[in-house]
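Student: Residue-level listing of the chains:
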Amino acid sequence: MLSTPSQKLTDGMRRHLLTGRPWGPAPIGATTVREWSSRDTRPYLRNHVLSQLVTIAGREMTDNWRDRRGLLSAAVYTLMGPAVVWLVSLALRDPGRQGESQPVLIAMMSVFTMVSAFIGGMNVAMDSIAGERERRSLLPLLMHPVTRLDLLLGKGLAVAAFSLAALTVNVLGFAVLLARMPPWHIALCLVPLSLLAAALQIWISTVCRGIKEANTYLSMLIFLPMGLGMFMVFSPVAGRVWWNYVPVAGQQLQLEAGLRGGELDIWRLLFLTLATVFLAGLALAAAAHRLERDDVVYGG
Amino acid sequence: MIEVRNLQKQFGAVAALRDVSFLAPDSAITGLLGANGAGKSTTLRTICGVLKPGGGEIRIDGASPADDPVLFKRRVGGLLDHAGLYSRLTPREIFTFSGRLHGIPSRQLRERVEEVIAFLGMQPLTGRRTAGFSQGERMKTALGRALVHSPKNLLLDEPTNGLDVPSVRALRLLLERTRAAGACIVFSSHVLEEVRALCDRVVVLAQGRVVAEGAPAELCRRAGVRTLEDAFVAFTGTAEVLSC
Chain A
1 MLSTPSQKLT DGMRRHLLTG RPWGPAPIGA TTVREWSSRD TRPYLRNHVL SQLVTIAGRE
61 MTDNWRDRRG LLSAAVYTLM GPAVVWLVSL ALRDPGRQGE SQPVLIAMMS VFTMVSAFIG
121 GMNVAMDSIA GERERRSLLP LLMHPVTRLD LLLGKGLAVA AFSLAALTVN VLGFAVLLAR
181 MPPWHIALCL VPLSLLAAAL QIWISTVCRG IKEANTYLSM LIFLPMGLGM FMVFSPVAGR
241 VWWNYVPVAG QQLQLEAGLR GGELDIWRLL FLTLATVFLA GLALAAAAHR LERDDVVYGG
Chain B
1 MIEVRNLQKQ FGAVAALRDV SFLAPDSAIT GLLGANGAGK STTLRTICGV LKPGGGEIRI
61 DGASPADDPV LFKRRVGGLL DHAGLYSRLT PREIFTFSGR LHGIPSRQLR ERVEEVIAFL
121 GMQPLTGRRT AGFSQGERMK TALGRALVHS PKNLLLDEPT NGLDVPSVRA LRLLLERTRA
181 AGACIVFSSH VLEEVRALCD RVVVLAQGRV VAEGAPAELC RRAGVRTLED AFVAFTGTAE
241 VLSC
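First to last, the protein sequences are chains A and B.
The first sequence begins at 1 in my numbering and counts up by one.
The second sequence begins at 1 in my numbering and counts up by one.
FYI, nobody ran anything at the bench for these hints, they're computed from the structure.
From a predicted model like this one, the values you see are computed outputs, not experimental measurements.
Keep in mind that a hint or two might mislead.
The calculated label-pair distances, taken between Cβ atoms and stated as ranges, are [said to hold, decoys possible]: (1) A:VAL76 / B:PHE11: 40 to 50 Å; (2) B:ASP61 / A:TRP65: 32 to 42 Å; (3) B:ARG172 / A:THR62: 28 to 38 Å; (4) A:ASP67 / B:GLY54: 32 to 42 Å; (5) B:PRO124 / A:SER73: 29 to 39 Å.
Covered by chain A, per the in silico footprint, the following chain B stretches (three or more residues, Cβ under 8 Å) [stated by the list, open to error]: (6) 37-50; (7) 83-89; (8) 99-109.
Just so it is clear, CB atoms sit at the ideal spot from N, CA and C, and this is done for glycine as well.
Please build the complete structure, drawing on both the sequences and the hints.
Tutor: What follows is the structure, encoded as structure tokens:
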């Protein structure tokens, strides 16, 4: 039951009610909120687009941080890679074959790392648009003075943060197994990869009407890094140089080289980063275009 | 003040709004009355800038969404769906989130959130996450979110749906106080008793068109009937007979 509204009026509220001044329960300093909401604050808002992105990302992260079951499942999937590779390495612990098995183990690690990029932020991506539609909070959200692209960028940042956290935990797990840290350039693989994973997942989330549907499609998306990863491990064609410039496949090859302790080509990494960020931008633009549709607002 | 002229909106082959024109003045509650599918929700969603109009013009306090669609949204607050809350956040966190998106600086926002909480009598609820809130508590939280940037124009889409009698009375009291403070309120409903009790002006919609507009008593007089229900039927021609 809704209780009767508080009869304890603040001085400001009483002044507004008694004087019939424009709506706004209380003045704030010298400026009433009413004045704040109606005056031209374009310069302020333009300077604070970044602040809005951070606000949207922060809300997503707080909300999903409190979803302990989602966090636990992401952590289990993220650590599954190091655990599986460790078990396989135990099975292959034959002094005569250790030299042969390590390249295979490192190739396996790189596949698991690619997959963890897409698993780390999956729950957040599901909740971001499909979840908003399901709980009917998308409509109130769209009533705020934020463009739909900014909204998606904010949500994308939150998904990418979870994805990057999963990638970092995963790579650190493999570093412990290998007893050596990969070179710092690896970060140039992981950051754009997390952005691409986030953008693709957000795009899929805008297509879905609810969390169940998003779960189905986002689970299918995991076949992209998994299938491509296995292909890169076993196909002889994968040895060709141009694969190093293809997003996801290129990152996997660079990661594999890094885990082996080899040198990484910084220019190749930079090109790969640009190509991956460009692809992520396209996915977000497609999501923003999708979000303009009336049926997304109506949830139909 | 909200002015709507010749508003049109098409969803595929369905014309949701054909020709909607009305004026909602300040310090008044304007009721949008219509049967299901008459175009009430679409009208409100188009006014608040969430849906793009297919034609016609909307002006809020003289400003048009064509000038700056993003800033236009700061002029209105809306309670268009009180189911849409974040279940893992508390009302205070929801109000703060909304206020930040409206660009209210942090220190002023903290004060403002406390004022809204006091205004709605929500002090016992502020520390609780909204999961498990009753319908009335959800409605209050959604209303607080709509009020946090202190909009002069307030849009409410069937706000009493699912509320018990005391909650409806409390909401009515809140709206009367808001109107007394000078707000322009547009209120959609198909509950005639509610419209009669609250609204200064009524806009009757049928099949995406405005078929009548005026004070409730004036509508009854023009239709030559005694009750608003009879006037509504006379204007919309929607008398339905259920045969047993």
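Student: If a hint holds in the structure, say so; if it doesn't, say that too.
Tutor: Hint by hint, here is what the structure shows:
1. A:VAL76 / B:PHE11: 40 to 50 Å: holds (43 Å)
2. B:ASP61 / A:TRP65: 32 to 42 Å: Check passed, 40 Å falls within 32 to 42 Å.
3. B:ARG172 / A:THR62: 28 to 38 Å: Distance hint for ARG172 (chain B), THR62 (chain A) holds at roughly 34 Å.
4. A:ASP67 / B:GLY54: 32 to 42 Å: Roughly 39 Å apart at Cβ, these two residues keep to the hinted range, so it holds.
5. B:PRO124 / A:SER73: 29 to 39 Å: holds (34 Å)
6. 37-50: The restraint on the stretch 37-50 of chain B holds, since 4 of its residues have a Cβ under 8 Å from chain A and three suffice.
7. 83-89: As far as the stretch 83-89 of chain B goes, the hint holds, because 7 residues have Cβ atoms under 8 Å from chain A.
8. 99-109: holds (count 6)
Every hint from the earlier list agrees with this structure, and none is contradicted.
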